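Chain by chain, the residues:
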Amino acid sequence: MDLDIKYKVGGTFRIATILMVLIGIIAIVMGFMSGETDRTWANLLLNNFYFLSLAIGATFWMTMSAITQAGWSTAYLRIPQAMSMWLVISFVLWFFMFFGIHDLYHWTHPDAVAHDPILMHKSGYLNVPFFTIRFVIFFALWILLTFLLRNMSIKQDTAAEGENVRLFEKFEFTSKITIFVLAFSFSLFAIDWLMSLDPHWYSTIYAFKKFVSAFLHGTAIITAIAVLLHMNGYLPMLTKSHKADFSRYIFALSIIWGYMWLSQYLLIWYANIPEETIYYVPRIMSDYKEFFYAELILNWLIPFLFLMWNRVGKTNWGLLTITAVLIIGQWVELYMSIMPGTVDSHSISYIEIGSFIGYFGLFALVIATVLSKANLIPKHHPYLMESLHDDH
Amino acid sequence: MRTNIIGIYEDDEVLLKAVDKLQENGVKVADVMSPFPIHGIFERLNLTTRMPLATFLYGAFGTISVFAFLYWTSVVSYPLKFGGKPLNTLSFIIIMFVLTIFVGTFFTFMTYFIREKMYPGKEVELPVPETTNDKFVIVVNKTEEMTNADINNINKLMKESGAIEIIESDVNYNS
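These protein sequence lines map, in sequence, to chains A and B. In terms of our numbering, the first sequence is residues 1 to 392. In terms of our numbering, the second sequence is residues 1 to 175.
Take these hints with a grain of salt, some might be off.
[As the list claims (entries may be wrong)] Within a straight-line C-alpha distance of at most 27 Å, the following computed BS3-like cross-link-like pairs (lysine-lysine) qualify: (1) B:Lys-142 <-> A:Lys-240; (2) B:Lys-117 <-> B:Lys-135; (3) A:Lys-289 <-> B:Lys-17; (4) B:Lys-17 <-> A:Lys-240; (5) B:Lys-117 <-> B:Lys-85.
If you're looking for bench data, these hints aren't it; they were derived computationally from the structure. This one's a predicted model, so the numbers in the text were calculated from it and none came from an experiment.
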């Protein structure tokens, strides 16, 4: 098999994604012009967090396969590496969010904090300067580590025999550091930007659930990209057993996601303490009800029931359908996390759909461009042969 | 009496190649025995199993019957309100979850034991007892229609593909 596979971004694809970005920009500008400032900021937060967590989840997937020395995933390592490069774009996009924090976060208003003993108590941690410092440190760490990992992997392509094994060991060591940094910093990041939307409420499992969600949906996107590339003639090594591996990954993670969802909900329901149940009251007893059940059905029930059937996970259409369901599922999950705490009346209209299309287009364009920059498979990775001949 | 031609191998990789070679030459491989699971052997032998379906059905049976039991005890037979919770409650979920796993696993094991006719204290019925230690075995059923030439051919193919020993055994091994 020829190991030099170069991906080329198609002209139609480029035009389509640029059009999607334009739709997004128009939707966001119209959102601000029409006076729905809160809602537009909330949507920007949703989309920023959505695609950031995909990049984080993909990085976690890549580091996970490095530290477990997984062989089968080697041929697909360039996909999470490309997705992790989104972090740079994400950093720029998040910066705009600082113009909107007064619209989104109750605790950023000094006069509100002064009359609120709970916020006063939390102000040592939840204050704008420290919030900004944490934001910059987290992004600096993520970008540094993902760049290091990608550079090592690209250097490996031209490395001599022996040198590539040394780089592989270095990659594994850096992965160990990255996994700790990601788990810790992304949890705090989720608390900062999502949980503090309801600053009186707290849940100790919230951050971990967001982390599992990032891992699940990042894996789903990696799978979707791998299958799409395969269908377009790239990545000929994507055999049935690889598809089964991808589907098992999604299957297991969606069960963990469901477990986390239940762990948070059941304990709050059981204990029935007003400070905690206040979070779920608007989410179940108002017009958010449909979204509340949709979140569980899309992220857990559908992947669980369909991927249990082994045959579905071994086909292209099966994997693409499940990943499409999960793409909507993550959106619903973040909608449920963000909207009840930020907007007075919610509805899904051009702002929601347009901004998501815009971000989606930009994400697709960035990933495709980064993928075209390097060889599509890490051709001197020591485990590549194991991955290519994984025919059982 | 049915007998089997049995090729003994010392390595799993050699055995996989031998299975391929026998099948290419039109020999039906009845079974393979190995001290550990070998990747890819299941697909090579074109085996099918209904075990996952059975496990799914047991699991579904477990979920439904445990729910029925919980519903009967805490809603129908002895309704007792506590903590202001409804009688038919979410707290069933954990018990249902755990017992679904238990029922699914337990009945799957039982099915396996019954299908394999295994019970405590059963005598080992293996054509080559070393397959539990360090030997790998290919079993080919010797049928009535086989001529001497066919049998010699099978012996030759096994020898060529690296069998260290070829024996004939009349252990009534039905695949």
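Hints, one by one, checked against the model:
no. : hint                    : in the structure
1   : B:Lys-142 <-> A:Lys-240 : violated (34 Å)
2   : B:Lys-117 <-> B:Lys-135 : holds (24 Å)
3   : A:Lys-289 <-> B:Lys-17  : violated (58 Å)
4   : B:Lys-17 <-> A:Lys-240  : holds (21 Å)
5   : B:Lys-117 <-> B:Lys-85  : violated (48 Å)
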